[in-house]
Amino acid sequence: MRRLGKVVVLGAWLLITLFPLYWIVVTSLKPKAEIFSMPLKYWPDAITFEHYAELFSFADFGAYLLNSLIVSLVAAAVVTVIGVIGGHTLARFSFPGRGAVMLAFLVTQMIPLFIALGPLYLLMSDLDLLNRLAGLMLVYVAMLVPFSTIIMRGFCERIPAALEEAAQVDGATRLVAMLRVVIPVMLPGIAATFIFAFVQCWNELFLAITFIDSEDSKTIPVAMNSFITQYDIDWGSMAAATVVSVIPTLVLFAAIRRYIVEGLTAGAVKG
Amino acid sequence: MVARHAKPAFTVRRARFIALCLLPGAVFVALFTYYPMIRGAVIAFQRYNLFDLTSTPFVGLENFWSVLAEERFWTALRNTGTWVVVSLFFQFFLGFGLALLLRRQFRGRGLYQAWVFFPWAMSGFLIGLLWRWMFNGQFGVINDLLLKAGIIDERIGFLASPGWAMTSVIVANIWYGVTFFAIMIMAALQSVPPELYEAASVDGASRMRQFWHVTLPHIRPTLALIVLLRIIWILNFPDLIYSMTGGGPAGSTDIITTFLIQQVSGGDYGRAGAVGMLALGLLLAFSIFYLNVTRMERS
Numbered sequence: 001m002r003r004l005g006k007v008v009v010l011g012a013w014l015l016i017t018l019f020p021l022y023w024i025v026v027t028s029l030k031p032k033a034e035i036f037s038m039p040l041k042y043w044p045d046a047i048t049f050e051h052y053a054e055l056f057s058f059a060d061f062g063a064y065l066l067n068s069l070i071v072s073l074v075a076a077a078v079v080t081v082i083g084v085i086g087g088h089t090l091a092r093f094s095f096p097g098r099g100a101v102m103l104a105f106l107v108t109q110m111i112p113l114f115i116a117l118g119p120l121y122l123l124m125s126d127l128d129l130l131n132r133l134a135g136l137m138l139v140y141v142a143m144l145v146p147f148s149t150i151i152m153r154g155f156c157e158r159i160p161a162a163l164e165e166a167a168q169v170d171g172a173t174r175l176v177a178m179l180r181v182v183i184p185v186m187l188p189g190i191a192a193t194f195i196f197a198f199v200q201c202w203n204e205l206f207l208a209i210t211f212i213d214s215e216d217s218k219t220i221p222v223a224m225n226s227f228i229t230q231y232d233i234d235w236g237s238m239a240a241a242t243v244v245s246v247i248p249t250l251v252l253f254a255a256i257r258r259y260i261v262e263g264l265t266a267g268a269v270k271g
Numbered sequence: 001m002v003a004r005h006a007k008p009a010f011t012v013r014r015a016r017f018i019a020l021c022l023l024p025g026a027v028f029v030a031l032f033t034y035y036p037m038i039r040g041a042v043i044a045f046q047r048y049n050l051f052d053l054t055s056t057p058f059v060g061l062e063n064f065w066s067v068l069a070e071e072r073f074w075t076a077l078r079n080t081g082t083w084v085v086v087s088l089f090f091q092f093f094l095g096f097g098l099a100l101l102l103r104r105q106f107r108g109r110g111l112y113q114a115w116v117f118f119p120w121a122m123s124g125f126l127i128g129l130l131w132r133w134m135f136n137g138q139f140g141v142i143n144d145l146l147l148k149a150g151i152i153d154e155r156i157g158f159l160a161s162p163g164w165a166m167t168s169v170i171v172a173n174i175w176y177g178v179t180f181f182a183i184m185i186m187a188a189l190q191s192v193p194p195e196l197y198e199a200a201s202v203d204g205a206s207r208m209r210q211f212w213h214v215t216l217p218h219i220r221p222t223l224a225l226i227v228l229l230r231i232i233w234i235l236n237f238p239d240l241i242y243s244m245t246g247g248g249p250a251g252s253t254d255i256i257t258t259f260l261i262q263q264v265s266g267g268d269y270g271r272a273g274a275v276g277m278l279a280l281g282l283l284l285a286f287s288i289f290y291l292n293v294t295r296m297e298r299s
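Quick note, the sequences are listed as chains V and G, same order.
Residue numbering for the first sequence follows this note's numbering, starting at 1 and increasing by one per position.
Residue numbering for the second sequence follows this note's numbering, starting at 1 and increasing by one per position.
In short, the hints are calculated from the structure, not lab data.
All residues carry an ideal CB built from backbone N, CA and C; glycine is no exception.
There could be a bad hint or two in this list.
[As the list claims (entries may be wrong)] Label pairs and their calculated CB-CB ranges: (1) V:46 x G:233: 34 to 44 Å; (2) G:147 x V:73: 22 to 32 Å; (3) G:145 x V:179: 26 to 36 Å; (4) V:25 x G:233: 38 to 48 Å; (5) G:106 x V:132: 22 to 32 Å; (6) V:47 x G:38: 33 to 43 Å; (7) G:293 x V:45: 53 to 63 Å; (8) V:103 x G:213: 32 to 42 Å; (9) V:228 x G:293: 13 to 23 Å; (10) V:176 x G:106: 13 to 23 Å; (11) V:132 x G:54: 36 to 46 Å; (12) V:179 x G:54: 30 to 40 Å.
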């Protein structure tokens, strides 16, 4: 009886969790007439891919996808490298000001970057970085550096320093020792951090819509945002766009699920 | 903390190495985070409109007074309270329940967790769109399901009526947050040493008593931290509301952060700065208050 109750509750929650996803997929596969007709169909009479085709022919969604991919890949890579080097340093050395550096990073985790959205816009304008993918990359790196540094520090602290010292005794310099010993051990953590950062950039909205409005630098969230600010939302295309943009993040997050709890609490639990 | 004694002593060469390693991150954060924040704090005291930058004089507290005199700001403030408290309440208790169900190993648990975790891969913006479509007053599936179940007699314009809009965005937010709580609380539950339970069952304590006297006291500090993090996160989470209702209708789903974003896109950076400062003050005051309360309770 107990067991049955448990199965029912867990099943119900799974259904509630997955239904919105199911619904958006179904909507994206319905012909337009069927989306806006009564009674609602819970499965399309005839599956169509017209919304997906439209997305790529009229809306130039391929270009937005590519922009998002470039920005997210570059920013995530830079963030990860900076995080490994900085986190390793914070974990291995004690030096005056270490606490202050940690604090300066931690504070940024509590305050959303868009609190300074206006001044950031002015800064980007001064640096001539508006409407440029490079500008977006720089801001994203800044947004994610504290997180990646703090979490890398945590990973480093779990590796015995003796490992590195042994390598140094063998004559390797500190940097080589780090590359040869620390990186391989931390590889899963590094991959997880990279993916987490990638997804954050891929999903970011407010900075992107503030800095980008030219057609050829739009990322996916910017493009989708311009769909919704139009008077009438074309829900078929919107659903298709949602599905396309969420697939990469679903796959990536599934791969690093184990690490996500750590990512979500980075710096707050440890510190 | 691995072998602190092994950390090498401080020398000039080492200092240079350390500085070099920390420099890139520090530069990014200083330039693109701290500098704009400081500038924002200064701008809050200036007349600073993007569409008239010929004069940007310091005007003292004028921006603050003008924000505080606006009815919409106070509405947003009240809404922020409702948004945080109600979302958090349901996220916490539903999440706790789910965590308790998932606590013991069973076949397929990993797979189950993977599936219920999927909302986390989506941005708040997309979640908002999903629910905006489902709450649609005409073709929304929620109306359809409620009609079929006989709970309502006619369709409700959930996002078009001020009375329903807040409920709707909160429902979406709860849906989004339960899994987060479940996973975090599960991690906390698993941190309780099994010996404690063994000792308790030797003493003949029932499962209920074990929960109250062993589990809960042990995980309380972690719970407090999870809740604090979560509150800060919900406070700072305009994405979902932005794409679901845009703060409307008539400001009925505005929270401080959506209000702030409207100020920025309106171009009045002076006022936006003032709103930002007020929001920041609120955040800090709340965090300090909360940490003090939980600390007092512990001692």
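Hint check:
1. At about 43 Å, the CB distance of residue 46 (chain V) to residue 233 (chain G) agrees with the hint of 34 to 44 Å.
2. Distance hint check for residue 147 (chain G) and residue 73 (chain V): the Cβ-Cβ separation is about 46 Å, which falls outside the suggested range of 22 to 32 Å.
3. Look at residue 145 (chain G) against residue 179 (chain V): about 56 Å separates their beta carbons, and that is not inside 26 to 36 Å.
4. Between residue 25 (chain V) and residue 233 (chain G) the CB atoms are about 28 Å apart, so this pair departs from the stated range of 38 to 48 Å.
5. Evaluation of the 22 to 32 Å hint for residue 106 (chain G) and residue 132 (chain V) yields a failure: the beta carbon distance comes to about 51 Å.
6. In this structure the supplied range 33 to 43 Å is violated for residue 47 (chain V) paired with residue 38 (chain G), their Cβ-Cβ distance being about 55 Å.
7. A hinted range of 53 to 63 Å for the beta carbons of residue 293 (chain G) and residue 45 (chain V) is consistent with their spacing of about 57 Å.
8. The hinted range of 32 to 42 Å is satisfied by residue 103 (chain V) and residue 213 (chain G), whose Cβ atoms lie roughly 37 Å apart.
9. Look at residue 228 (chain V) against residue 293 (chain G): about 40 Å separates their beta carbons, and that is not inside 13 to 23 Å.
10. For residue 176 (chain V) and residue 106 (chain G), the Cβ-Cβ distance of about 47 Å falls outside the hinted range of 13 to 23 Å, so the restraint is violated.
11. For the hinted restraint 36 to 46 Å between residue 132 (chain V) and residue 54 (chain G), the CB-CB distance of approximately 27 Å leaves it violated.
12. At about 54 Å, the beta-carbon gap between residue 179 (chain V) and residue 54 (chain G) misses the expected band of 30 to 40 Å.
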